[in-house]
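Chains as they are written, first to last, in our numbering: chain Y, 1 to 703; chain P, 704 to 823.
Hints in this document: simulated from the structure, not taken from any laboratory.
Hints are all accurate, no fakes.
Derived DMTMM-like pairs (lysine to aspartate or glutamate); straight-line CA-CA distance at most 25 Å:
1) P/K792 with Y/D36
2) Y/K441 with Y/E537
3) Y/K408 with Y/E18
4) P/K792 with Y/D37
5) P/K768 with Y/E38
6) Y/K398 with Y/D96
7) P/K819 with P/D736
8) Y/K542 with Y/E443
9) Y/K583 with Y/E616
10) P/K768 with Y/D230
11) P/K819 with Y/D4
12) P/K793 with Y/E233
13) P/K777 with Y/E206
14) P/K819 with Y/E206
15) Y/K390 with Y/E114
16) P/K820 with Y/E233
17) P/K793 with Y/D230
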Amino acid sequence: MSIDMAQFHQVFFEESFEGLDIMESGLLNMDPGTVDDEEINSIFRAAHSIKGGSGTFGFNDISRFTHIMETLLDEMRDGRRPVTPEAVDALLRSVDVLRDMLAATSDDGEVDEEKVQEQKSELEQILNGKPGEVATDVGAADAAAQPVGGVEVRPIGWHIVFRPLPHMLRTGNDPLRIIRELAELGDLKSEGDISALPALSSYEPEDSYLSWDLHLHGDVEKQAIDDIFDWVEDDCELIIMPLLPEGEPEVAMVSAAAVPAASEPEAPVVQAAPPPVERRSKEDRRSSKDRRTNNRRQSGGSSGGGSIRVEISKIDALINMVGELVITQSMLSMLGEDFEMDRLERLNDGLSQLERHTRELQESVMQVRMLPISFTFSRFPRLVHDLSSKLGKKIELKMAGENTEVDKTVIEKIGDPLVHLVRNSLDHGIEMPEERLAAGKPETGTINLSASHKGGNIVIEIRDDGQGLNRDKIEEKALEKGIIDEDHNLSDQQIYELIFAAGFSTADVVSDVSGRGVGMDVVRKNINELGGGIEIESDPGKGSAIIIRLPLTLAILDGQTVTVADETYIVPLVSIIESIQVKADQINRVAGKGETFKLRDEFLPILRLHELFGIENPNASSLEEGLLVVVEGDGRHCGLFVDDLLGQQQVVIKSLEANYQRVDGISGATILGDGSVALILDIPGRLRLAAETGADSAAKQTA
Amino acid sequence: MASILAVDDSASMRQMVSFTLKGAGFDVVEAVDGVDALSKAKGQSFSLVITDVNMPNMDGISLIKELRGLPAFKFTPLLMLTTESGNDKKQQGKMAGATGWIVKPFNPDQLLATVKKVLG
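Produce the complete structure using the sequences and hints provided.
Structure, rendered in structure tokens:
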């Protein structure tokens, strides 16, 4: 039976990459000097699985490389080797090399052999205290795998005395199975020996009392016999002697009587064995293993397409949707079987249901593309760890909002720009520990990396508590590079934004950390390509922040559906504080300046949605009839006046820019379950607009 | 039809073992670690158990010890998947009551040959 091992490769690679992530985060968490059993065990297991899998699936280089890591980890785990920062760093680098090797194998790419060898010898150096000596290598052991058997004359068969110890059956080994296997090797004559059977009164039904005197004729390698007895060598007394051709006297005939009685199970029988009779030795056993190892088949690497991990709930939603679709389809085909005109209405219902389900299915499939941004964020702890030790800085990375879902395209494209920005913060932003102490700041700098849905955008912030941007230095550099003229009239903020200009770098020494000044303009370009924007904030001496806003296009949003007359709008749930019904005495009207209402000692402006969107006949025209949805955006509050609240649902955001044009105060649109289009309100934008038109100036006075 | 319990925390190995054995006509139940395997073994009898050694929650050696203590598994062949460097693991396994071992890396043919030899 031949099985195509390639079919398991994809799973193996995915599992191995996951294992590497486990190893990496485990190593990053490891405190030198102490060993957290759980932590190091999981690192070890991950390495062990990769080694086992790669061996099984024929990736021998990966297996050998991982073997060295595993050995090192094993020694750390057993406490035989201290956990030093150097060893941890070496292991981290090995994780990288291993990741490259796996990626290259999975994509049929080239492995950087030099790097692998370099890393290998570093590990070996740590392991042995000297380089160049592979701890244990399958290849090295190969040479030792000389054929066994010291018999010059080729035997015509074997004489085997096999006496199971009483407990053998309880190991799950069946003597008959072993005899059957021997019979497959050649012509077997067996003689049972029941002399050890006790009297019935002392008979233990679960013990084995029989022994066998076996003559196996045929051209059989001793190794084959050894293999059969491999599992039971400690559970039986065993003598294997060659049977020599006629004329060559059998060297020694060891009778069953010479073997100690079964009642003394622990006693070995070595003394009964004459020289040519081979007892199995550890060496034999090992060589047989090595031989087996060499039988590993080489299988060509197969590369599958990239895969993404999808939450079960999304898959369930898909399956649900398909279920609905099947029901609708069968309903329709029943209708169609003998159709009469009086069923036209039901047909129409069915068809619109089909349409809706198809669309929902389509949207659910799109949701599958949404991934938590942690896919991108997860690389940063390592980056910060490596760079901060390289730069001699003390830096703590804090991350928030890793579960914010963004489109797969965003995940793919935002990674490099973020790396660049975080590196900048590390390199330029955070000061050296002594400088920080001198400036009265904690020795350890902090970088905050966060993602959130805010006002119709995905906002990613990189905020550090470093020295902030050096305005004068930027200005000087920009002048030097001819980006600005002497007589410029730029504000501080405009100066800061010069760092996004092409060919700009303020590093005194160009380091390999933050590159050669090809960065920030590329960063901005990448983000613009995603339809987003980048802002910079700086507070000299206190820190700086880079704020990236990406449009929600394709993103999923938790929304509250509200109605005004026949129209439905979506208010992002994150913007909603509460929904209330106001009483007449809470409302304040300021002549010509709009209206406000009082909520717990605060006066909030009221925005009437029907007025904003020019809807003629709202169901509720006086404030007491409808509802006020209290919303918040960019620190502003206001009450949105609507007819009614419908329900909360997740909506897939369709870009208005792509399908129509940009509309201020609206972040996008979505298609509701009934097929109608609903606009998604951009609450902060809406409030900003209202503030600009002065509609809430009254609120400013009262608040 | 003989049913086999295959225990491994690595999905690819589990799939490989399970696929190979199912292809040869065996019923295969998969378990992701010793704890999972033990609970499955208590609800159903198996003709053979194949287990990895290094696993979270409960490792293969402990699993073998536990299984061997169950009346239904007193004589059941219990095989462990070990690596070539695992001689002390083999000894530990034997002490715990393992029948034998399959040395990793192995290919499906070796696996089947071993299973068939154990199940007769």
